[in-house]
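Chains D and H are the protein sequences, given in the same order. Per the numbering used here, residue 22 is the first one in the first sequence, and the count goes up by one each step. Per the numbering used here, residue 22 is the first one in the second sequence, and the count goes up by one each step.
These aren't lab readings, by the way, just hints derived from the structure by calculation. Be a bit skeptical, because a hint or two may be false.
Same chains, same names: a pair is fine if it fits in one copy or spans any two.
Said to hold, decoys possible - The list that follows gives simulated cross-link-like pairs (lysine-lysine, DSSO-like), each with its CA atoms no further than 30 Å apart:
#	residue 1	residue 2
1	Lys139	Lys353
2	Lys139	Lys26
3	Lys139	Lys168
4	Lys129	Lys170
5	Lys323	Lys357
6	Lys129	Lys224
7	Lys203	Lys311
8	Lys353	Lys311
9	Lys32	Lys139
Remember, it's a predicted structure, so these values are computed and weren't measured experimentally.
There are 2 protein chains.
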Amino acid sequence: MHQLKDIIENKIISNLTKSFPRSPLKLNELHETDAEIIQLENSPYDLAITIDTISEEIKTGLYSDPYEIGWMSVMVNMSDLAAVGASPIGIVISQILPQNISDEFIEKLQQGINDSCKKCGTFVLGGDTNLGDELIISGCAIGTIEKGKYLKRVGCKTGDKIYTSGNIGTGNAYAFQKLFSKNDSQFVYHPTAKLEWRNILKKYSSSCIDTSDGIISSLDQLMRLNNVGFKFRNDWDKAMDCSSEQLFGNNNLPIWLLLAGEHGEFELLFTIPAEKKLDFLKEASHLYLKPIYLGETTEDPKISLNLYNKEQSLDTEKIRNLTFEKDFSPSKYLKKLLEIDTSFKNA
Amino acid sequence: MHQLKDIIENKIISNLTKSFPRSPLKLNELHETDAEIIQLENSPYDLAITIDTISEEIKTGLYSDPYEIGWMSVMVNMSDLAAVGASPIGIVISQILPQNISDEFIEKLQQGINDSCKKCGTFVLGGDTNLGDELIISGCAIGTIEKGKYLKRVGCKTGDKIYTSGNIGTGNAYAFQKLFSKNDSQFVYHPTAKLEWRNILKKYSSSCIDTSDGIISSLDQLMRLNNVGFKFRNDWDKAMDCSSEQLFGNNNLPIWLLLAGEHGEFELLFTIPAEKKLDFLKEASHLYLKPIYLGETTEDPKISLNLYNKEQSLDTEKIRNLTFEKDFSPSKYLKKLLEIDTSFKNA
């Protein structure tokens, strides 16, 4: 059985939190939800709260445009709220600004924050500012959920259908373009939290997670939490975002790495019990939502994908732990992923 | 009239937030409260939320002990909740940890976080971890307040009595000891959020702020918000913390600088209308709370203190803006404060 603690990130989180007693008001278990769910007494709803910091992405150069940094600092948090089915109340933001930052940079940063909030129908409620060496933005978002109706990562069963809320691969396509490509034509990456899926997912889904760490990480986490496996549809490339596929194609990169990289597309990934599939698709269509079919939940706890005309089982533990290697750099990371691809070609 | 915007910190906050539309659920105005107050619909209470980051204090060496850093990262946020009269629900914490940090350091850091939560009767609800160059901790605390009953910085009137929730000066005494003194004997600085004052302050106080930025900053902010002045009691040294006074005395530093420095003691500073004073003191005594009398609110909007046998008016704008000078360093800061003291001696 695959264990949560085999993934370094899970182990770090468990280690940091092991000494903390559990709040009697906290409804979710550790790792079980994308945001924390807190019981509000004498209230028709519960509270969702999440905190997320943008720092590594700025440091590696993945995010450099101030507007984009502002946009993402809100969106990553709103995506967590979307993944638990919450309606956002707002966000508080702590900004560490370098001394030498320009007024223009700050203005664009705030514009990105503002537009991101607008897109989610929410508000900056307050914040905190410090001076520092590097630009670092932490956002903490809160939202409400009808009592007991939050979405969880746990609950999927063998035979459930797996969907995403949109075509996938954009996060890793963007990361490649930004960090490796000399081509000036900017790949468009402008994720939005999928808050509008809230009600339909509460009605039909058996588990839900956002793809902030990419598709394979999300599936791997669901596998470990639910002790099930996932088999991608044979024509899984149909689920991919077209321009992402083109970008990777033009650069002779294997398309499946768009699923494997850790920079996600911030879609929702969810499972629907087979018997609810038709009703779900019908209602989604009425709501102008377009779920993308990705595959099926299997009994055997592994993640498998048709690659080079062969059903191949992915070593998702190895893939997920690559970013925690001591000498991590984007180019070493890509090299290791390509080595894994070579092993599939030769399999 | 002294304006909020004459203080660089206020100006930065106003500039950062000017483009953000106001949430219809937000009850407080900008600068008006220590935490944001958010209306919860269909609920007997409102929500308080605050975010605060410990970074500059680590960078300058003011906080270096991991336990203390953990303790303070919770306490600064709980103090904001105390200053609005909220009952904490919990805190989420984003930690940026340097790559080379030791397991022992991390353990003590978490222990500090844990003990600080315990002291406040609250819990870590969740968090986020990143790797980075420097240790940076952001906490975001939430709490509840009986509907419409939150404490504000605005509301005090001429003649109101000023109190603090405890003896003052410890924050700046600690900062001096830590940054300037070669003496090994550690000055004890272990602030606790004054959450237990909640009910009595809701009943009697006309304004409240925490002293996270020191006494003079807090009074100056109240002055600007309420267009009143403050006159310290003639024997204001009686309000000081004994060991802080001793430390400054032993180092030939003017005692009043314990009020002026920007590293606060995290007490609550509040005003009580004169006619309520006796009832307030009686009830405080029953609750084993010991308010420290500091002075009186005056019509003339200035802050005055008996110094060198003369009533002196403090240039609080100058004092507060010292930390924002371009070439700021703790030693330059102390030097400038001592220059101001010299001008009083010669006045």
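These are the hints, each one checked on the structure:
Neither within a single protomer nor between protomers do lysine 139 and lysine 353 lie at most 30 Å apart by alpha-carbon distance, with minima of 38 Å and 43 Å respectively. For the homomeric pair lysine 139 and lysine 26, the shortest alpha-carbon distance between copies (27 Å) is at most 30 Å, but the shortest distance inside one copy (38 Å) is not. Taking the shortest alpha-carbon separations for lysine 139 and lysine 168, both the intra-copy value of 26 Å and the inter-copy value of 27 Å come in at or below 30 Å. In this assembly of identical chains, lysine 129 and lysine 170 lie within 30 Å of each other by CA distance neither inside one copy nor across copies; the values are 37 Å within and 37 Å between.
Only within a single protomer do lysine 323 and lysine 357 lie at most 30 Å apart by alpha-carbon distance; the minimum there is 21 Å, versus 66 Å between protomers. In this homomeric assembly, lysine 129 and lysine 224 never come within 30 Å of each other (Cα to Cα): the closest approach is 39 Å inside a single copy and 44 Å across copies. In the homo-oligomer, the alpha carbons of lysine 203 and lysine 311 never lie at most 30 Å apart, since the shortest distance is 34 Å inside one protomer and 67 Å across protomers. In this homomeric assembly, lysine 353 and lysine 311 never come within 30 Å of each other (Cα to Cα): the closest approach is 36 Å inside a single copy and 61 Å across copies.
Within a single copy, lysine 32 and lysine 139 get their C-alpha atoms only as close as 36 Å, which misses the 30 Å cut-off; across copies the closest is 24 Å, which meets it.
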